[in-house]
Amino acid sequence: MQITGQLALTVLMGIFLVGVAAWLARVENWRSYTPLASGGGGAHGTGHAEKPSGVIRWLTTVDHKDIGILYGFFGIISFVVGGLMVLGMRIELFDPGATLISESFYNSLLTNHGITMLFLFGTPIIAAFSNYFVPLLIDADDMAFPRINAIAFWLLPPGALLIWAGFLPLGDIVPAQTAWTLYTPLAAGVGNGNQANAGVDLLILGLHLTGVSATMGAINFIATIITERAEEVTWANLDIFSWTILTQSGLILFAFPLLGSALVMLLLDRNLGTTFFAVEGGGPMLWQHLFWFFGHPEVYILVLPPMGLVSYILPRFSGRRLFGFKFVVYSTLAIGVLSFGVWAHHMFTTGMDPRLRASFMAVSLAIAIPSAVKTFNWITTMWNGKLELTTPMLFCIGFVANFIVGGVTGVFNASIPVDLILHDTYYVVGHFHYVIMGAIAFALFAGMYYWFPIYTGRMYQRRLGKWHFWLTMIGTNLTFFSMLILGYAGMPRRYATYLPQFSTLHQLTSVGALILAAGTIIWAYNFATSWIEGPKVQDGDPWNLEETGMHTAEWEWFDRKIETAVTDGGEEESVVADGGGERDDA
Amino acid sequence: MTTRIFDRETILDLTVNFIPLAIILFFVVGYAVVNPFGWDPLASGLQFALLVVPFALLAVLTYLSGKAISQAEDERPVYLPGQATVSGAEPIEERESEGAIEGDAGGES
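As you go down the protein sequences, you meet chains A and B in turn.
Everything in the first sequence is counted per the numbering used here, starting at 546 for the first residue and increasing by one.
Everything in the second sequence is counted per the numbering used here, starting at 825 for the first residue and increasing by one.
Rather than coming from a laboratory, the hints here were simulated on the basis of the structure.
Treat the numbers as computed from the prediction; the structure is a model and nothing was measured.
Glycine included, every Cβ here is placed at the ideal spot set by N, Cα and C.
Please note: incorrect hints may appear among the correct ones.
[Said to hold, decoys possible] Cβ-to-Cβ under 7 Å is the rule here; a few derived chain B residues that face chain A: (1) F851; (2) G869; (3) L870.
Using the sequences and the hints, build the whole thing.
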């Protein structure tokens, strides 16, 4: 009976493989395509041979724009997954006890929310923008290594599956409950808990894959920006977004391989009995040092490109160029260097030598300056400008407002005495969420709205865009300001339950999270419907940038693309840009 | 030497990085003068290395990037960022002389 079952399985597998072979044979020879005659590019085709259609196109593409869109979709799926995880947590936290989910499942959600948002949403969605737009902005044909670009993306889906494997029905595998920091000895599987489970190993392997992906992408961007720029695009002419991507790539290049090495050491400790992070060996503190030597630059890996997006987009709707462009460039580079000298400010309470602690405090205070400089540049750019309160502009202004709160609360944390009190409280959670959600996500939304006409050829529904902005702005501030107060009141982070005196603030936080969810649903609906049936953009300047002399290379490319596109017969109504009729001279 | 590579304008732009450098320098001097935790070769060596290394790296990167941008400005026309390859775009100097865009008090002219 058993043999018959195995035989049946073998035959089934054989049929499946034959089916795959037949399907592949039906696919046309990809090498037989001839290049497009029009230099302007077809659907998405500058410098590329025409692509196969359907799924095959997306599986085989090496075009930077296609890969950018793939990164974008991947990032959005991760954003939804990570968002649902935190919604589960926040709904649980409406009530002081563990009523809806168990404490251990709460810990699993907490761990995976952090890792998903940082590694599977943050880094990839930034890569979506950089893949699509950096080659256009510097007038490169494509990335320097298009195939490496594709491989870098395709490492992400298996990485995500490994990270989320604990939630899948896979026998005895449980999700990791280590928090995203994977602190040892818990993450080394030591003790009587269940963190020696293979679910944690799979998560570590998945993290490793995403790190390899990010590193490959970074090498590609460094090579592209340095070697593939058009002759006219000198260092003095390089746009601010490309500058931030270059700096970010440098940070990735030095930070992620270190994370990879530390993860391998952790895997060895877990599975092969090494003692890198064991008390009798290197000690648990070694992990914290290695992790945060990667982890703090990771913060800037995530925030620098969004700063570049805001620096790039905000002047377009202020009617004037960025105030102190080179201040922003140099301060970006300064952040890049100094970000490697502040890692132990995450460890002030670990009992480290006070002399070392003092030095980390000093550099942490110094790194606040370049960030503050940028803030003043953005404010000064808007000062007396002709502001157009379009949706991308609103998100840029929201970015600046939230970044000020997130930044100032961070400076307090850099001070050792203050940190000793606030460490591991909700204050820290409120602080970094103001930066990650209030600033980074806002800038990414600004970018998505600003360039929506380019990657879809259509315009979004502006009323829904405004709803999205205001719900997100209100939700963000309600959620994370409540967290700051909770922290001051002494509420420790990472707990599934809490004392009744924290109820009101926790409920406010959860209401804020639900408002954020409502805004996100509106955004998803807006983008999905507008992408399918929004009004087509008729010229390459939907924001009327030429009027203010702010027209840039990617819009000219878009204009060329529209002009050279073969007509599809259907003529739809032309589009009024989001800014149309909304000029606000305030 | 420096003045030949960097004109007044470039040095003004670079002040943005001089401030964090000055803050680090302040703490180097401060920790040398006020030392409540005593002197230990390893701990104190690390303490100052953690300040000196970022200081040196930031100084070097500021110098190299300032030099690269300054030289690029001398060698080729400077456009608004993102406009260098746009057809019909005018270099910043010409635009300013025509008053084409609103003023920028920042260090980009």
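Each hint tested on the structure:
Because the beta carbon of F851/B sits about 4 Å from the nearest beta carbon in chain A, less than 7 Å, this interface hint is met. A least Cβ separation of about 10 Å between G869/B and chain A goes past the 7 Å threshold, and the interface hint is therefore violated. With its C-beta approaching chain A no nearer than about 6 Å, L870/B sits inside the 7 Å limit, and its interface hint holds.
Violated hint for the displayed structure: number 2, the only one.
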